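Asker: Chains as they are written, first to last, in our numbering: chain A, 2 to 359; chain B, 278 to 619.
Just so you know, the hints here were simulated from the structure itself, not pulled from any lab data. It is possible that some hints are incorrect.
Label pairs and their computed distance ranges (CB to CB) [what the hints assert, rightly or not]:
hint: 1; chain 1: A; residue 1: Asp309; chain 2: B; residue 2: His387; range: 34 to 42 angstroms
hint: 2; chain 1: A; residue 1: Lys24; chain 2: B; residue 2: Leu375; range: 41 to 49 angstroms
hint: 3; chain 1: B; residue 1: Asp442; chain 2: A; residue 2: Gly258; range: 51 to 59 angstroms
hint: 4; chain 1: B; residue 1: Leu375; chain 2: A; residue 2: Val171; range: 54 to 62 angstroms
Reference listing, derived: stretches of chain A covered by chain B, where coverage requires no fewer than 3 residues with Cβ under 8 angstroms from a Cβ of chain B [unchecked claim]:
hint: 5; region: 7-15
hint: 6; region: 158-172
hint: 7; region: 268-275
hint: 8; region: 331-337
A short list of chain B residues far from chain A (calculated; beta carbon distances all over 12 angstroms) [as the list claims (entries may be wrong)]:
hint: 9; residue: Val283
hint: 10; residue: Val360
hint: 11; residue: Pro361
hint: 12; residue: Phe385
hint: 13; residue: Cys425
hint: 14; residue: Val467
hint: 15; residue: Ile500
hint: 16; residue: Leu502
If you're wondering where the values come from, they're calculated on a predicted model, not measured in any experiment. All C-beta atoms, glycine included, are put in the ideal place defined by N, C-alpha and C.
The primary structure of each chain is shown beneath.
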Amino acid sequence: MFYREAGDFKTTYAADNQTFPIKIDRMGYYVALLVAFLIIPFTINDYWANAILLPFLIYSIAAIGLNILVGYCGQVSLGTGGFMAVGAYACYKLMTSFPEVSIFFHVLLSGGITALVCILFGLPSLRIKGFYLAVATLAAQFFLVWLFNRVPWFYNYSASGQINAPERTVFGVPVTGPNTESWATYLFCLVFLVICALVARNLTRGMAGRKWMAIRDMDIAAEIIGVNPLKAKLTAFGVSGFFIGISGALFFALYLGAVEVGEAFGIQKSFLVLFMIIIGGLGSIFGSFAGAAFLVLLPVVLKVVGVDWLGWPTDIVAHLQLVIVGGLIVMFLILEPHGLAQLWRVAKQKLRLWPFPH
Amino acid sequence: MPEQLVFAMEVFTNGLMAGVLYALVALGFVLIYKASGIFNFAQGVMALFAAMTLVGIQNGQVPFAHLINAIFGTHVHSFGWNVPSLFALIFTVGVMILLAWAVQRFVFRHLVGQEPIILFMATIGLAYFLEGFADLMWNSEIKTLTFCLPGELCLPQGMNLAIDDAAYNAWGVGFFIDNLDITATLVAIVLVIALVAFSQYTKQGRAMRAVADDHQAALSVGISLNFIWVLVWSLAGFVALVAGIMWGAKSGVQFSLSLIALKALPVLMLGGFTSIPGAIVGGLIIGVGEKMFEYCFGIGQCFGGVINLGGATENWFAYVLALLFLVFRPQGLFGEKIIERV
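If we strip away everything but chain B, and leave its shape as in the complex, we get (with noise of 0.2 angstroms):
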């Protein structure tokens, strides 16, 4: 097999890995818009939040430490503990359900009724609240974050060599896939299940999508659309964080975490704002378009390297390829035709 094929495969199945982390972050915004029609733009900077409360939380760090030593010139740091991972786990659960019925109760109950792009914008300053107030809980030093189960079942780190090794024998070329990626892609794959189990099989799940399809018909038999809102966003959260875990093992927990929220966008725009298996399959056609663009035309190494574009690429291709989408098919791949124009 030629080594550039093997190469090229080797892109393609990285960006694949990487469209299913996009894809994560995009199912937290396709539950929200569906449930409440508001655009989440915070969705990223609740997934960094989840993450360093997670890691806060884990190596007992106090909350607010500098603000307290700034204001009463103590210095408390630590309280000297580590938390296991699990508990951890569960406090950060709690600690995003906190803040979906805060954000609920404080934000979007007040802006009932108003036109979508006002509660975008409402969101984008969420967004900034929630950025200064998590680096002010947490501090914002870069923190790396390691998640282990009971049972030393920790996420792996590094190149998987068993298909390292299998490539090398079959190909005689070496097949780079990073382990974090695998696992992923096994927990997005359970988490999706989970979503879909829930909100087929469960009350909750139901009233959930009937509050997705008709506001006011959903009020009239009885469901409560503060409870579901409140359910909803946590519900968010809740993918936030597995997806602020991922992130977080793979690069870091820092600022950068936030801008994934914006690579979401188009992976939306190309799935569709209000489908589940539009926001997956949107991922992947983004993560495997632009890590193949990018060796394609961004390094130059298709077609004798005709087009040579000095790399990079993957910072705008996602968005343009998003724009083309727009003009030709405005409500994406599944999505509802909902668009209105003129």
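Okay, chain A solo, but in the shape it has when bound (with noise of 0.2 angstroms):
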């Protein structure tokens, strides 16, 4: 009733092609963007900061690079752990190497960076594909943190062995290091996020999206009409590896401000994204937002609920939030291979129709 494109005329081939080309769609889009810029930051506390929103944002610029590789590619990676490892540690080289450049360039090199070594990692990819790569990828995982632990040079010869973020201040309000305001660091990483997910979605709509997804399709076809497995493949690994680790700077620079490599990104945290994007959406921008909300806030509510409300011991709500993400992923590969966001095209689609569906 409310929701349909009826009436809603494009005039030009620029209205016809953008992104969301129902008028309600767009006003929720600036609506959300309104309420993230100008409304969160003015009622922020630290709790929420650090507990959903830090958190969040951070998954989900991560889950979009996954995604990329993995939903839109096709390309298996358990190596998100390392590659958001070799961000962090690219991110604290620059910050103590290069105090005076500004720690936003600092964090888009540190994707750069990033991005070189995924490429890296990606080249047998040119050979092997499913979980024989998906195991080609877990030796990144587990070199890339041996070497962040082993190579003095990585962590400037510490005692501790730790990377600790230095204080860096974006126009003269510190973002880094301990004293630094929720809405200072929510911002900071919202910047990022809005960039990193409009990048990601024009991508994915043009011309190296098509290619990626050909690969995914069917290799051998993508082959046949013309895209170059080689470069598909690799810019996949590159732009996956350049959101990871714009993730990966940020988790350590602004979450964490201390990182112990094995505790901060072992393969816990390549399962955790893998997870993410499974229940939010293999191959769609939204679903990793869907998935990093729905991961960050399911640990949450368990804990609100069993040890808030029902007085339970921690550890067995640990015990059963394995359960329960194990259960919901055995559950959407069954029941919705597509995840939250195929649940969330669905009623949408329902509603274009409601509430006269014939």
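Mind docking these for me? Both chains are given alone in their own frames, and the hints should help you get the complex.
Answerer: Shown next as structure tokens:
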């Protein structure tokens, strides 16, 4: 009744090709941006920022990155944790080596460095695929974590082997280090998320995205119609690595502040991000957001319900969380392989005809 | 004999023994992969689950005791009895068969015909589920596993003194081998012989091989795929149980047990996914390779310590070796050439 395209006439090609062709979608998008940029920064507090909003924003970037690789290009990667670690350590080295440069560029550069590393580990994808490739990326995961643990140059020879984010400011407001305000870190991450989401959305709509999807759907056919698999796969690895590197840098510099690599970027992180895109929806930018939100909120909700209301011990709730996440993964794969994003799509389709479906 | 050579030999032998344990886990993978094309990531967690169940039954733990106590405010912890190992083993096998049936009935029956990578991700989900389930059921404390057959025949602990003495008399240097590793090797040999005999000489085994060869042809001669898949998952569960007992007796029943599953992946890359001998040879190569690499380059004992990477290379050596293998010989040493390339 209220959600439909009737009467919304497009008069230009640009209007025809816009990201949100339906007016109410477009309005919703602008409202969401307004709320995110103009309302939340004034109402945010430390608990919300650290427990929900920051992890959501940062994991969304990582999920978008992995979704480009797994969801759009069909190359399964279990090395996300390792690649995030590359972003984090690159950011740390840049922050400490060039303190006069703005951290904004440090984060972007660490994304670029991660992209290069990711392409390097993506090279085997030219010969292998499926879970053979998954194991190859597993090698990246373990090797990178070991490297950052063992080579003192990466952590500037500090005695603890940890890396600590020094204080850096943007327009005079500290965004890293101990004296940050939650609204500043929130806004900094939000800017990156919005840029990443826009870039990813438009890449996947364009030529690059179509090439990736062609490779994913059937690589031999894609090669025959003129897609260069070498270029397509390696660009997917590169773009994915760029986003994952940014999220790793933000995760270290803004969210954690101090990082011990095995703990923060272990194999569990790789699985967490993979689960986000499976639950959210493979091959969907919206799905990356939905999955990240779901898996960030789930532990918080479980803790509130289990520990605070029911008074259960925390270890039971933690185990229950594993059971629920594992069960959900299997359930989604069986019932809705395209995840929450598909549910959202179906709901919108229904809404278009509502209340007269025939 | 120079001391260093003896050390190197010691490292080599211990690597061989560790490789046997990797091969045990890899064996379970191969069984399931051959019969159903599912790459079972949950194999390691199955080993953990089996070992926990065994210890739980032995010690008379009440299943889900923590959860029951939290919900009903009771204080139950154990039945107060100790079950002999052999009975506990039989019970555990029963539990693993039940698990195999449940996995088949509730998960993979609904995923027949899906792409392999979807099945792979489903087993990752299964691994998470099973891990949480095992912790809920038997709680997550580190448990010690002692396994005794009737007649005081326990799994041995500690180093083998006879070999140590013999080495000392011959070369004047001690030689360390864990008793448990020797036992594990013997058990693995028996297990492999039993598995081969089962698949070659029994009706069910023959049906299993038929399914592995061609699903549709097997179906058309009247073999029940469902039954064979449950059978295969049960066998894999049994192999997981044996692996769980060996690893559990070696280093305690704890979460890290499930991480050996990850080590089994490179073993399979090396040996080939479809070959039982491949799993064994691959396990041995990885076991020896990572121990020797650590000895030579990780802590810098070879070539006068020219290369010293600072230790803990065991974490990644296996994967990088598998990576190299993938680039140059993707089907592994013994695998069939099924790899699709673009």
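Asker: Evaluate each hint against the coordinates.
Answerer: Results for each hint:
no., hint, result
1, A:Asp309 / B:His387: 34 to 42 angstroms, "36 angstroms, holds"
2, A:Lys24 / B:Leu375: 41 to 49 angstroms, "55 angstroms, violated"
3, B:Asp442 / A:Gly258: 51 to 59 angstroms, "56 angstroms, holds"
4, B:Leu375 / A:Val171: 54 to 62 angstroms, "58 angstroms, holds"
5, 7-15, "violated (count 0)"
6, 158-172, "violated (count 0)"
7, 268-275, "holds (count 3)"
8, 331-337, "holds (count 3)"
9, Val283, "28 angstroms, holds"
10, Val360, "24 angstroms, holds"
11, Pro361, "29 angstroms, holds"
12, Phe385, "9 angstroms, violated"
13, Cys425, "30 angstroms, holds"
14, Val467, "30 angstroms, holds"
15, Ile500, "25 angstroms, holds"
16, Leu502, "18 angstroms, holds"
The structure shown violates the earlier hints numbered 2, 5, 6, 12.
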